[in-house]
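So the sequences go chain by chain: A and B. The opening residue of the first sequence carries number 1 in this note's numbering; numbering runs sequentially from there. The opening residue of the second sequence carries number 1 in this note's numbering; numbering runs sequentially from there.
Please keep in mind that the hints were generated in silico from the structure rather than gathered at the bench. Heads up, a few of these hints could be off.
Simulated pairs of lysine to aspartate or glutamate, EDC-like, Cα-Cα distance not exceeding 16 Å [what the hints assert, rightly or not]:
1. B:Lys43 with B:Glu29
2. A:Lys6 with B:Glu96
3. B:Lys20 with B:Glu33
4. B:Lys6 with B:Asp47
5. A:Lys20 with A:Glu33
6. A:Lys6 with B:Glu90
7. A:Lys43 with A:Glu83
8. A:Lys6 with A:Asp47
9. B:Lys6 with A:Glu90
10. A:Lys6 with A:Glu96
11. A:Lys43 with A:Glu29
12. B:Lys6 with A:Glu96
Quick caveat: nothing in here was measured; it's all calculated off a predicted structure.
Protein chains: 2
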Amino acid sequence: MLRLSKRVEYGLVALQHLAKRGDVATVREISDENNISYDLLAKIMQDLKRDGMIYSSQGVRGGYALMLAPNQIPVTRVVDALEDQSTITECTSDHESCTREGACTIQGPMHRLQEQVERVLNSVTIAQLL
Amino acid sequence: MLRLSKRVEYGLVALQHLAKRGDVATVREISDENNISYDLLAKIMQDLKRDGMIYSSQGVRGGYALMLAPNQIPVTRVVDALEDQSTITECTSDHESCTREGACTIQGPMHRLQEQVERVLNSVTIAQLL
DNA sequence: CCCATATCGGACTCTTTCAGTCCTACATAG
DNA sequence: CTATGTAGGACTGAAAGAGTCCGATATGGG
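Could you build all of it, start to finish, from the sequences and the hints given here?
Structure representation (structure tokens):
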């Protein structure tokens, strides 16, 4: 449906929050201030950390903070970190294969479309969300 | 998940088929040649007709054909005709409202993103699929 | 040393959406 | 009047999405 998942939406909000803060912030703080489910956001933060764009410190006074400058984090990266499938169609994916066996007659054009969409998502970074 | 639905994918294939043919084609013909479920494609064609980009004639020797030149049918139009939600997020939609009550802190930037994605989808037409 | 405060991460449920099927009605050329 | 088409409602099954629950682990401060 050509829609970003809630996971990505929440991820972007959280990263924006961290960027504005410039310091460590807890999941609780972010989820409260933005009306996001705590448990759900907790998972998302873990995924973002796994990607390496943020780091975490556990225990009292712990939380998450950015590892990179906001303008170094394009939306594409957030999407890739939080969604399994990030391609416009099956046939523009590497690890998937086109269901309609044989000649997919739109594969070429779809690849070009895919590239352009990626270019757009790449041109916007967390810095643009501030 | 930022993916076009099968409905749109099949719709594009069907329109490409009609464009290449330049004449009336039946659902059966299109579905057979492209490995698409007949029943499913039949519904899609009805939706495309309702939009006005193709016309139909019933009965023997009937079928579907383009109403517009291929370069007059942008992908956007196909998406709009075949998908309920065609926006990147809830908050960039007109008839939906942001679930997270109160201040959605990314609404502005998301609108700008939405515009750019639409521009891309608008720049590609059925003519480019040939 | 403890305990409150954090992240970590598996498992699970509920709801919605998507893809696809089935069946009946209607139109029309030959 | 019948073959061959589209028109369209209702339904099913599978998959993805969003959100919940619970226990484990780490850690700074009293």
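So which of the earlier hints does this model not fit?
Hint check: 10 fails alone, others pass.
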